Structures are given as structure tokens and as C-alpha cells.
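*Asks:* With the hints as extra help, turn the sequences into a complete structure.
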Amino acid sequence: MKKFKWYLLCISMHQYMLVASQLESSLAEKDLGVLVDTKLNMSQQFALAAKKVNGVLGCIRQSIASRSSEVILPHCSALVRPHLECCVQLWALQYKRDMDILGRVQ
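Here the sequence shown stands for residues -28 to -1, 1 to 78, numbered as in mature numbering (1 follows the signal peptide of the UniProt record, and there is no 0).
Any given hint could turn out to be false.
[Unchecked claim] Below, computed lysine-lysine pairings styled on DSS-like, alpha-carbon distance capped at 30 Å:
{"id": "1", "residue 1": "11", "residue 2": "24"}
{"id": "2", "residue 1": "11", "residue 2": "23"}
{"id": "3", "residue 1": "2", "residue 2": "24"}
{"id": "4", "residue 1": "2", "residue 2": "23"}
Quick caveat, the hints were computed from the structure, so don't treat them as lab data. All values derive from a computational prediction rather than experimental measurement.
*Replies:* Right under this line is the structure:
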């Protein structure tokens, strides 16, 4: 029998079946670019975005010799801002720690 590649983000305690096989449950799933866990919390999404942005900032720091704002600001707005603005309409900053994580990056 062919194995399905479907995962279930289980919010309830029920086990779901499809064609006589139990669907695998997952603790977090990414859909439409947003990572959501079983508590409908997006804290992992904020942590991943901050990690990605910090990596991009590190690459900018290593590759650019000049530290003047005229040189660094265009690179940051072109390379960093898209990561922070991605799916911002769906982000709901529920916890203070999520705001702090993204605040440290900015």
C-alpha cells in the first residue's frame, strides 16, 4: 500500500484515520510560510525568522569592509527587511518574549 505524505497538526486528542491507516501527527507544521504548533502558537516562527536575519546580518558584516551607515543601510533594507516582513499580516505577537526576539534583531 502506498504511504501517504499527509501530516496532521492535532489540536484535539482524537486519532484520525485515512484509508484504514492512521495519519501521523505533528507537533508543528509550516503552511503558507508560517510555522504553527499544536497550541496555535507562532513562537517557533519568530525564532526561525530571527535566526535567519541574524545569519544574513553576519554575512553582511563579514563581506562589507566599510561600517558607514551609507553602505550598510541599503544592504540591510534589501536583504534583511524581506525576512522580517514575510507573512507579517499573519503574525500575532502574543507574548512579550516574541516581541523581544524580533526587537533584538531590529
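*Asks:* Hints the structure violates: just list their numbers, smallest first.
*Replies:* Result: no hint breaks.
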